[in-house]
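Modelling step: build the complete structure from the supplied sequences, incorporating the hints.
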Amino acid sequence: MNNEFLLQIEELSVSFDGFKAVDDLTLYVSKEGVHAVIGPNGAGKTTLLDLITGRTRPTKGHVRFKGSEVTGLHEYQIVRKGIGRKFQTPSVYESLTVFENLEMAYPDKRSWVSAWRFRRTPEIVKRVEEIAELIYLGDRLHERAELLSHGQKQWLEIGALLIQDPELLLLDEPVAGMSVTDRAKTAELLSGLAKGRAVVVVEHDMDFVKKISDHVTVLHQGRLLAEGKMDVIQKNPKVVEVYLGH
Amino acid sequence: MSNSAKPSLVRRLAATAWSTQKSRENLSFLVLAVVLLAIFPIFLDVFRLNLIGKYLTYAFVAVGLVLCWGYGGILSLGQGVFFGLGGYCMAMFLKLEASDPASTSIQSTPGIPDFMDWNQITALPALWVPFRSFPLTLIAVVVVPGGLAYLLATAMFKRRVGGVYFAIITQAVAAILSILIIGRQGYTGGVNGITDLKTLLGWDIRSDGAKVILYYVNAVLLLGGVALGLSLLRSKLGRILVALRDKEQRVLFTGYDVATIKRAVFVLAAVYAAVGGAMFTLQVGFMSPSFVGIVPSIEMVIGAAIGGRSSLFGAIYGSLLMNFGKSYFSEAFPELWLFVIGAMFIGVVMLFPDGLAGIDLPRLFRSVKRLFSRSTKPTAGAGIGVPPEAASAPTGGVP
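Just so you know, the protein sequences line up as chains B and X, in that order. Each residue of the first sequence is one higher than the one before, starting from 17 at the first, in my numbering. Each residue of the second sequence is one higher than the one before, starting from 551 at the first, in my numbering.
Worth flagging that the hints you see were computed from the coordinates, not collected in a lab. Be a bit skeptical, because a hint or two may be false.
[Unchecked claim] Computed far set for chain B versus chain X, every beta-carbon distance over 12 Å: (1) K36; (2) R80; (3) K82; (4) R96; (5) K102; (6) T105; (7) E119; (8) R133; (9) P138; (10) E145; (11) E204; (12) A210; (13) V225.
[Said to hold, decoys possible] Derived DEER-like restraints, expressed as beta-carbon distance ranges: (14) B:K47 x X:T566: 52 to 62 Å; (15) X:L701 x B:P56: 28 to 38 Å; (16) X:Q799 x B:G208: 53 to 63 Å; (17) X:V762 x B:D181: 55 to 65 Å; (18) B:E139 x X:V560: 55 to 65 Å; (19) B:P56 x X:T704: 36 to 46 Å; (20) X:T659 x B:Q93: 50 to 60 Å; (21) X:V560 x B:D181: 33 to 43 Å; (22) X:L701 x B:E139: 38 to 48 Å.
The C-beta atom is built at its ideal place from N, Cα and C for all residues, glycine as well.
Right, here's the structure in full:
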């Protein structure tokens, strides 16, 4: 099963002062579709994303992306390999415009010398406009990001990932704090994105997970509890006990 | 625009020049160039021009701080280190030139700086040898402080040390360097610094003519530095710096090598400070550890903050004002100066977080005007031409 999966996580563990946040976890993510990771608080979901993106170094185990090891690489190197990550709280550059936010993310001229000499080209403008259209911000390109609503900031951050065209998109609670209509729009956006790339979503909202996910992994205390389709997972007695029953 | 009103040419030009960020900056640059190259030299005598030249050497530091702190969010409380190193490199060259065997013939070892002789040093230390050459000195003015900044930034930023911790470490470096200079008197001149500097390649830098020329060299270098800073801030690198200040983590996870970019801007700020230091030595005629330590480093930051830490121009005027105030108060009321500077800093932080440059002049002007027109003719307010862009400022409409 070497290159069949986009992301292979094997026997991954990390402990902080003896506390095992992720414990001997093995998980595979296929090349296409939405893969949801759910679990109660403290299950290790966000830590898992930290481990994949190089923010935290694992104590043990492997993370392979397209067959090659990414543990030990710097965050920016992992991003350049094609893994994009969205944080739980919207993180956009408030003092820059929507356009500048997206342009910053355009995957070119990323060293300080080339950034100094960078010139805006028609291709970049076109690409930025395309992405802005996709994330429902086509008419707000030249507004400062601080003026956007919470949901729009979340989309802008997703857009900033999309402009890099990553093969794997990691989203940490993308609909937290969103209104019902914004949730529906986000679900639509994500299912569009999952064509041709893998999207891993860490989420609390069960209805949302049911609506968008092709595959679900349930974590509990850093370990894998269950895996499969959402409707099967929901009937799993272990899952019901630790999580869904609440 | 109302059809009957014919705004004067001056007002229309002013409105155009103020209409975009870029044209505002160009106008500010022009004003700065006129002030530095024409107004000061015409209206001030050589003594005062030389003083302004000295204050302007701190403006180099402030420009560096705007890039690295105001935009990049990297607060350095140790810019005195780089200012001092640049100044010392220049001072070492000038000192060697002033210590030729003929004029030091009464020393037990002629041909070495006088303070070495006093400290029983009998040969020129290896550290000083490169400073016999002027080209090497010019290189050292940039490379020594830049190199130290590079090492510091590598050690800190690659290990994710940032924010307050970084500021504290830069401050510690300032303390260490000034203690080191004072302690190694035989090599550095100790607490007195390097004094009695006379000539640069045989040219007497203490003459009035030389002071005027050095003032101009300083002003042109500063204008060049501002132009370079503007080109940086207008580029994508400028936006990356803003992004770093807003959300460093997001920049990292967008695929930018944040540590390297921060290092680049920190080194650049150090080089600005070093050029200022070298020009200080040339214009003032000496260099001492009192420009290296914690207090001068913090004064440099306050100067930038008062002028406006996110405005290259504001920071320059802020440095001028701050150093003018320092000279004035420390002559008139020496014991008050520290309180004044503290009060200024608190005032800036509480009332004008963007410093003098952050004060919205057109708005202030309008409020004053409205106040006057209300007291004389209650209905006159509406007809007064207001620049359209100022009227559309987000908070401009609040009565």
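Going down the list of hints, with the structure as the test:
1. For K36 (chain B), the requirement that its beta carbon stay farther than 12 Å from each beta carbon of chain X is met, with the minimum near 24 Å.
2. Distance check for R80 (chain B) against chain X: the nearest CB is about 20 Å away, which clears 12 Å, and the non-interface claim stands.
3. No Cβ of chain X comes within 12 Å of the Cβ of K82 (chain B); the nearest lies about 17 Å off, and the non-interface call holds.
4. Distance check on R96 (chain B): its Cβ comes as close as 5 Å (rounded) to a Cβ of chain X, failing to clear the 12 Å threshold; non-interface status is violated.
5. The beta carbon of K102 (chain B) is not kept farther than 12 Å from every beta carbon of chain X, the shortest such distance being approximately 9 Å.
6. Chain X draws T105 (chain B) into its interface by the beta-carbon criterion, the shortest separation being 10 Å against a cut-off of 12 Å.
7. Against the 12 Å criterion, E119 (chain B) falls within the reach of chain X, whose nearest CB is about 7 Å from its own CB.
8. Taking the minimum C-beta to C-beta distance to chain X, about 7 Å, the non-interface status of R133 (chain B) is violated against the 12 Å cut.
9. Once the 12 Å rule is applied to beta carbons, P138 (chain B) is consistent with being away from chain X; the minimum gap is 16 Å.
10. Listed as outside the interface, E145 (chain B) is consistent with that label: its C-beta sits roughly 18 Å from the nearest C-beta of chain X, beyond the 12 Å cut-off.
11. Residue-level check passed: E204 (chain B) sits 24 Å from the nearest beta carbon of chain X, beyond 12 Å.
12. Distance to chain X confirms A210 (chain B) as a non-interface residue, since its nearest Cβ pair spans about 20 Å, more than 12 Å.
13. With a cut of 12 Å on Cβ distances, V225 (chain B) stays outside the contact zone with chain X, its closest approach being about 24 Å.
14. Between K47 (chain B) and T566 (chain X) the C-beta distance comes to about 56 Å, which sits within the given range of 52 to 62 Å.
15. As the Cβ distance of L701 (chain X) to P56 (chain B) is approximately 47 Å, the hint placing it in 28 to 38 Å is violated.
16. Under the hint 53 to 63 Å, the C-beta atoms of Q799 (chain X) and G208 (chain B), about 27 Å apart, miss the expected range.
17. For the pair V762 (chain X) and D181 (chain B), the supplied restraint of 55 to 65 Å holds, since their beta-carbon distance comes to about 59 Å.
18. Distance hint check: the CB atoms of E139 (chain B) and V560 (chain X) are about 43 Å apart, inconsistent with the given range 55 to 65 Å.
19. Between P56 (chain B) and T704 (chain X) the beta carbon distance is about 42 Å. The supplied range of 36 to 46 Å therefore holds.
20. Our hint of 50 to 60 Å for T659 (chain X) and Q93 (chain B) holds, since their Cβ atoms are close to 56 Å apart.
21. Distance hint check: the CB atoms of V560 (chain X) and D181 (chain B) are about 52 Å apart, inconsistent with the given range 33 to 43 Å.
22. Roughly 39 Å separates the CB atoms of L701 (chain X) and E139 (chain B), a value that falls within the hinted 38 to 48 Å.
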